[in-house]
Structure formats: C-alpha cells, structure tokens
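Please put together the full structure from these sequences, using the hints given.
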Amino acid sequence: MLGYGVGLRRQHYSHVLETCPKMDWFEVISENFMVAGGRPLEVLEGVRANYPIAMHGVSMSIGSTDPLRPSYLRQLRDLARRFEPAWISDHLCWTGVGGRNLHDLLPLPYTEEAIRHVVARIRQVQDALGRPILIENVSSYMAFAASTMTEWEFISAIAAEADCGILLDINNIFVSAFNHRFDAHQYIDAVPAERVVQYHLAGHSDHGTHLLDTHDHPVCDEVWALYERAARRFGAVSALVEWDDHIPEFAELAQTADRARTIFATAARTPKHDSLKNRDADSTEKTGKPALSADHRA
Amino acid sequence: MPTRLKKLESLLYRLITAPSGVAEGIAAERDLGPGGGLDAIVLGDDRLSAEARVDIYADMYFYRLLDALKEDFPATLAVLGDSDNFHNLVTGYLLEYPPTEPSISCCGRYLAVYLRDHPAREDAPFIADLARLERAIVEVFLGPDAAALEADSLHALAPADWPAIKLRLQPSAQILALQWRVSELLRAVEEQRPWKPAEQGAVKVLVWRRNARVFYRDLEEAEAAALEAVSRGAAFAKICEIVAADDHTQDPVAAMNRMLARWLSDGLLMGG
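Sequence lines, in order, name chains E and W. Residue numbers for the first sequence follow our numbering, so the first one is 93 and each next one is one higher. Residue numbers for the second sequence follow our numbering, so the first one is 423 and each next one is one higher.
Be a bit skeptical, because a hint or two may be false.
[Unchecked claim] Only pairs whose alpha carbons sit at most 20 Å apart, straight line, appear in this in silico SDA-like list of lysine to any residue:
#1 W:428 x E:237
#2 W:428 x E:208
#3 W:428 x E:160
#4 W:626 x W:593
#5 W:429 x E:212
#6 W:626 x W:567
#7 W:429 x E:125
#8 W:428 x W:442
#9 W:429 x W:454
[Unchecked claim] So the derived label-pair ranges between C-beta atoms look like this:
#10 E:219 x W:584: 50 to 56 Å
#11 E:111 x W:446: 31 to 37 Å
#12 W:471 x E:109: 33 to 39 Å
#13 E:338 x W:446: 20 to 26 Å
#14 W:532 x E:337: 24 to 30 Å
#15 W:485 x E:216: 29 to 35 Å
#16 W:467 x E:215: 33 to 39 Å
#17 E:240 x W:442: 30 to 36 Å
In short, the hints are calculated from the structure, not lab data. Note that beta-carbon positions come from the ideal geometry of N, C-alpha and C, so glycine has one too.
See below:
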C-alpha cells in the first residue's frame with residue numbers, strides 16, 4: 093500500500109524537485125520516460141530519490157492482435173530495473189493494429205476469444221518483465237454486439253487467468269456506466285477484491301449524450317461516492333489522482349489526494365454492508381496487495 | 423490467431439482513420455454496406471448511433487495528434503497559422519505517415535519530409551527546413567545522455583598527445599544542413615516576437631543539449647567543417663588543418679582555441 097498519490101506531470105516537475113512537497117507517491121507515464129536520455133530521466137531520478145513511484149503505460153496494447161513489441165518490453169523492463177517502481181500497469185485495451193498506433197485506448201469485445209488472447213499476452217509481458225502487472229479498466233464510448241459478458245466479468249476472468257492485478261479506475265467505471273447504461277455499483281461489487289491493487293481517480297467532461305474521460309475536471313461527487321463504496325469493499329488500496337488537461341496548481345492535486353485519504357479513513361470506520369462483510373474481511377487479509385507489491389519490489 | 427478480434431480491430435482502425443470521416447469510411451466497407459451494417463458490430467442507442475460512437479474515437483485520434491504536433495512544431499504552426507492550414511497539413515500528413523511507434527513523441531518524425539513537396543512551400547518555401555529544425559530539437563531533447571568533457575582533462579594532456587586526440591560530440595547533438603536560415607524565425611516565435619520569413623541560404627545549424635536544455639545556433643563554415651570532422655572521428659590535428667584551410671580564418675590557432683573553448687563551455691563534447 094503506497095498511500096495516496098498523484099500523477100507526475102511536466103507542469104509540476106520543478107515544484108516537485110525543488111520543494112519536495114508532502115506526497116505519498118507518484119505515478120509516471122512509462123512511455124514518457126522510455127527515452128534515451130535528457131530532461132525526463134533526469135527528472136525521474138530526482139523524484140525517485142524522494143518518493144516511491146509506480147509506472148503506468150498507455151501503449152502496451154495488450155488487446156491488439158499485432159504481436160507484442162519486444163523492443164517496447166525491453167525498454168519497459170530496463171526502465172523498471174533502473175527506477176524500481178512498486179508496480180507496473182497498463183490498460184485493458186488495444187491501441188493499434190497492422191503496425192499502426194491510434195494513441196488511444198480502444199475497448200475490446202467481451203468474448204472468450206478476447207480473454208484467451210489477452211491472458212496469453214499478459215503472461216508473455218509478465219515473463220518479459222519478471223513481475224506481475226496490473227491492468228486498468230478503460231473508459232469506453234462503444235460496446236460490441238459480439239460481447240457475451242459484462243465488462244466486470246471480462247476483467248475479472250482475465251485477472252484470474254493471467255494472475256495479474258487490477259488497477260481499478262473509479263472514474264472510468266462511472267463514465268462507461270453512463271455511456272453504456274450499466275450499474276456502476278454492480279461493477280464495484282463484482283470485481284475480485286484480492287486483485288485490486290490501485291485506484292485511479294479523475295475528472296471527466298459531460299457532452300450530454302456521453303461522458304468523456306478527459307482528466308480535465310475535479311473528481312465529481314458521484315465518483316467520490318463510488319470511491320467510498322470501493323474503499324469499504326476493498327480496504328486499504330493505493331489511490332492515485334490523474335489530471336492531464338487544465339492542470340491545476342500542485343496544491344489542488346494534493347488536496348484531492350488528501351480527500352481520498354480522508355474518505356478511506358471514514359469508510360474504514362463505517363459498518364460495511366452485511367452482504368459484503370465476509371468478502372471485505374477477506375479482502376483486507378488476503379487482497380494480494382501487499383504481497384503483489386512485495387513481489388514487484390523483489 | 424484470434425481472427426474475429428483481428429477483423430474487428432482492423433475494421434475500426436480503418437473507420438477511425440478514414441480520410442473523409444467515419445460515414446464515408448463505412449460506405450467504403452463492402453462487408454458493411456449502406457444499410458447500417460455497423461450496427462451489427464457496434465451497439466448504438468437512442469443517445470448515440472454506432473457511427474457516432476466510432477466518430478468519438480475518430481475525433482480523439484485526430485485531435486490528440488494535432489495537439490501533439492502543435493506542441494512540437496510551434497513555429498511551423500505560427501507560419502501556417504492556427505487555422506485550417508495546419509489542420510489540413512496534419513490531415514494529409516497522418517494519411518501518409520500514420521503513427522507507428524508507442525510514443526506519441528515520434529508522431530512528428532516525418533513532418534519535415536512530408537513538407538518537402540507540400541503546397542505550403544509556395545507561400546513559405548522555408549517551411550520544410552523550419553520543421554526539420556523543430557523536429558531536431560525534440561530528438562535532441564530526448565537523445566542519449568553522456569558526461570561532458572571537462573576543460574581540466576584537456577589541460578592535463580601532454581603537448582605531444584594533442585595531435586592524435588579524438589574529441590567526441592555529445593551523442594544527442596545534431597548538425598543540420600539547411601537551405602534556409604530558419605533559426606532566427608524559430609527564436610522569434612519562441613520569444614513571442616514578430617517573425618520574418620527566413621532568408622534563403624545554405625547554412626549548418628548545430629542543435630545540442632546542455633543540462634537538459636536544448637540550444638541551437640547557426641555555424642560559420644569553418645566551425646561546421648570542424649564539428650563534422652569531430653563527429654566523423656577525426657584526430658585533433660586534422661581538425662586544426664580544416665580550420666586553417668578555411669579562407670575566412672585569419673589566425674587559425676586563435677580560431678581553434680576560441681572554438682574549443684566554446685565547445686567546452688557549451689558542454690558539446692563528450693567526456694569519459
């Protein structure tokens with residue numbers, strides 16, 4: 093359990109390096125640092141000297157039908173060896189096909205074929221990296237007629253079969269629940285507690301017909317409520333605030349991370365739902381979170 | 423091979439990147455046909471049709487890359503104008519050079535090449551060279567690290583050793599051979615001053631990094647020739663010969679000393 097952190101963004105590099113603000117941990121976008129040298133790596137050296145980090149990727153394209161790129165995995169492994177993140181995560185999605193990259197997080201059909209495909213690839217990645225990874229649920233704007241199960245059944249099955257962790261993005265659940273008219277509470281209640289290692293919290297924008305995962309607004313009340321529900325169910329899980337556009341002063345990010353801390357503290361004192369009690373008790377005992385973290389650091 | 427998944431991903435890729443939009447992309451798909459065949463694949467509802475849902479991804483694809491290219495090519499953007507011109511440039515560029523690399527910082531790798539034969543050159547004939555310099559700045563910013571050569575380590579050399587020593591440029595440094603003098607234009611844009619069109623004239627531009635900051639400057643002929651010799655691995659004696667042979671050099675020894683002192687203070691040479 094790393095605690096409550098924020099995504100490290102360029103706008104705050106100097107502030108973080110020069111003032112060393114109070115913060116439990118930072119998450120960094122892996123691809124921003126998979127470079128030969130220069131300012132990004134210099135910044136990461138400075139940040140890592142004072143804080144734990146986790147590496148979060150956007151281009152592994154675990155759901156693509158293109159072969160995984162050996163060069164990408166090598167770079168990711170080398171970066172991890174150098175900076176020793178608590179864990180490495182990426183998205184349950186595809187980002188390109190046919191050797192082309194869309195630089196976007198596209199959803200998969202929730203099918204047995206996709207499960208087999210993604211599980212095999214996660215195993216390949218975990219073998220290459222020598223550690224388990226986390227997969228994150230994405231916000232989506234389209235769903236497929238071919239799907240034969242819910243998103244939470246899909247991600248749960250993959251996590252179980254690939255033996256990987258889950259980075260549960262609470263905002264993404266809220267966005268996709270609106271866009272596809274499913275029950276966000278049902279999602280939170282169904283995800284296997286022992287797999288959830290990290291949360292993402294972020295803002296989105298409302299386009300009337302759909303919500304867009306823009307990371308350019310404060311976390312909304314409904315997402316905080318979902319987070320509270322997750323906190324009750326999953327126990328102590330590291331939480332991370334993402335903000336990628338219209339990025340505010342660092343202090344506001346820190347306040348948002350503190351709010352996550354406070355909500356968890358309150359939720360931990362609140363009696364749990366009876367129906368969840370047994371699983372909740374289990375989740376704090378054997379969530380796999382500390383174990384997974386330890387494995388990652390090993 | 424998950425054939426159904428591959429077919430789905432390939433179809434969505436084609437629709438998202440269709441040159442004239444998703445609707446025309448759908449029309450061009452023989453398997454889908456005009457009768458709303460996409461609805462059999464992507465679920466639509468009363469709020470958003472299947473096509474509108476794919477359209478969201480098409481918009482995000484284009485505008486994410488447009489924003490990335492605006493950030494990496496601020497002077498090219500300033501010259502073309504933040505309007506249809508740059509938008510249309512990017513539309514055409516992405517069709518010819520769609521992104522293939524995991525990092526979005528690679529998306530502008532071929533913009534200067536694309537601009538070589540682009541109609542934008544009619545009004546701004548220097549535009550390809552300008553884009554080349556801007557791209558070099560991105561590459562140098564992310565290029566490999568190496569410790570800088572310290573003046574003290576040269577001072578310690580015995581005089582007899584000087585002719586044979588081989589200086590080395592920082593591995594991230596680049597020397598560009600351009601046909602237009604675009605450095606001043608770029609500097610004006612960076613400093614938010616009014617810019618003037620670049621003048622025609624062959625010039626070598628040095629782009630390098632010191633303490634994580636990228637710098638660039640036009641090189642005089644003698645210095646360009648000397649640095650190119652350094653990058654080819656020439657011995658110091660050969661570099662001195664090159665400087666001495668330059669018609670514009672009055673005092674070769676003083677010129678070489680000035681150059682070497684500047685290279686050292688700029689952190690341009692690699693130590694170790």
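Taking the hints in turn, this is what the structure says about them:
{"no.": "1", "hint": "W:428 x E:237", "verdict": "holds (15 Å)"}
{"no.": "2", "hint": "W:428 x E:208", "verdict": "holds (13 Å)"}
{"no.": "3", "hint": "W:428 x E:160", "verdict": "holds (14 Å)"}
{"no.": "4", "hint": "W:626 x W:593", "verdict": "holds (18 Å)"}
{"no.": "5", "hint": "W:429 x E:212", "verdict": "holds (19 Å)"}
{"no.": "6", "hint": "W:626 x W:567", "verdict": "violated (23 Å)"}
{"no.": "7", "hint": "W:429 x E:125", "verdict": "violated (33 Å)"}
{"no.": "8", "hint": "W:428 x W:442", "verdict": "violated (23 Å)"}
{"no.": "9", "hint": "W:429 x W:454", "verdict": "holds (13 Å)"}
{"no.": "10", "hint": "E:219 x W:584: 50 to 56 Å", "verdict": "holds (53 Å)"}
{"no.": "11", "hint": "E:111 x W:446: 31 to 37 Å", "verdict": "violated (52 Å)"}
{"no.": "12", "hint": "W:471 x E:109: 33 to 39 Å", "verdict": "violated (48 Å)"}
{"no.": "13", "hint": "E:338 x W:446: 20 to 26 Å", "verdict": "violated (33 Å)"}
{"no.": "14", "hint": "W:532 x E:337: 24 to 30 Å", "verdict": "holds (27 Å)"}
{"no.": "15", "hint": "W:485 x E:216: 29 to 35 Å", "verdict": "holds (33 Å)"}
{"no.": "16", "hint": "W:467 x E:215: 33 to 39 Å", "verdict": "holds (36 Å)"}
{"no.": "17", "hint": "E:240 x W:442: 30 to 36 Å", "verdict": "holds (34 Å)"}
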